[in-house]
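Visitor: Going by the numbering used here, the sequence shown opens with residue 446, and the numbers climb by one from there.
Think of the hints as simulated: they come from the structure by calculation, not from any bench. Mixed in with the good hints there might be a few duds.
Claimed, not checked - Label-pair distances were calculated between CB atoms; the ranges are: (1) R502 with S463: 54 to 64 Å; (2) S494 with E453: 54 to 64 Å; (3) L469 with R448: 30 to 40 Å; (4) E453 with P476: 31 to 41 Å; (5) T496 with Y472: 30 to 40 Å; (6) H501 with P476: 31 to 41 Å; (7) Y456 with P476: 42 to 52 Å; (8) S493 with L465: 34 to 44 Å; (9) L470 with W495: 34 to 44 Å; (10) R448 with G486: 26 to 36 Å; (11) R471 with I491: 27 to 37 Å.
Where is the CB? At the ideal position from N, CA and C, for every residue including glycine.
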Amino acid sequence: MIRVLKGELLYIVWLFPSLLFNVLLRYIFGPLFALYLLGNGFAKIIQSSWTLGFLHRLL
Numbered sequence: 446m447i448r449v450l451k452g453e454l455l456y457i458v459w460l461f462p463s464l465l466f467n468v469l470l471r472y473i474f475g476p477l478f479a480l481y482l483l484g485n486g487f488a489k490i491i492q493s494s495w496t497l498g499f500l501h502r503l504l
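Take the sequences, apply the hints, and build the full model.
Guide: If you want it as structure tokens, here you go:
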């Protein structure tokens with residue numbers, strides 16, 4: 446009985462960090478990465494529109 450409990454405790458201790466890591470990855474790093482990509486996309490769109498406007502002024 447005690448041995449089984451010890452094994453389960455070890456399993457929980459081993460499982461919990463990976464579960465926590467999954468949650469962190471899914472709910473924190475995922476949205477941050479998406480926001481970073483969106484920000485990059487917006488910056489590129491703004492840059493390209495600015496360069497287009499600049500070229501339009503030149504022409």
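Visitor: Each of the hints needs a verdict: does it hold here or not?
Guide: Hints versus structure:
Between R502 and S463 the Cβ separation comes to about 56 Å, which falls inside the hinted range of 54 to 64 Å. Take S494 and E453: their Cβ atoms lie about 59 Å apart, and the range 54 to 64 Å holds. At about 32 Å, the beta-carbon gap between L469 and R448 stays in the expected band of 30 to 40 Å. Range check, E453 to P476: Cβ separation about 33 Å, and the 31 to 41 Å hint holds.
Distance hint check for T496 and Y472: the Cβ-Cβ separation is about 37 Å, which falls inside the suggested range of 30 to 40 Å. A C-beta distance of roughly 36 Å is found between H501 and P476, which places it inside the suggested range of 31 to 41 Å. At roughly 30 Å, the beta-carbon separation of Y456 and P476 lies outside the given 42 to 52 Å, and the hint is violated. Distance hint check: the CB atoms of S493 and L465 are about 40 Å apart, consistent with the given range 34 to 44 Å.
Remark: the range hint 34 to 44 Å for L470 to W495 is upheld by a beta-carbon distance near 35 Å. Between R448 and G486 the beta carbons are some 55 Å apart, a value that contradicts the proposed interval 26 to 36 Å. For R471 and I491, the hinted distance range of 27 to 37 Å is satisfied, since their beta carbons lie about 30 Å from each other.
Checked against the numbered hints above, the structure breaks hints 7, 10 and satisfies the rest.
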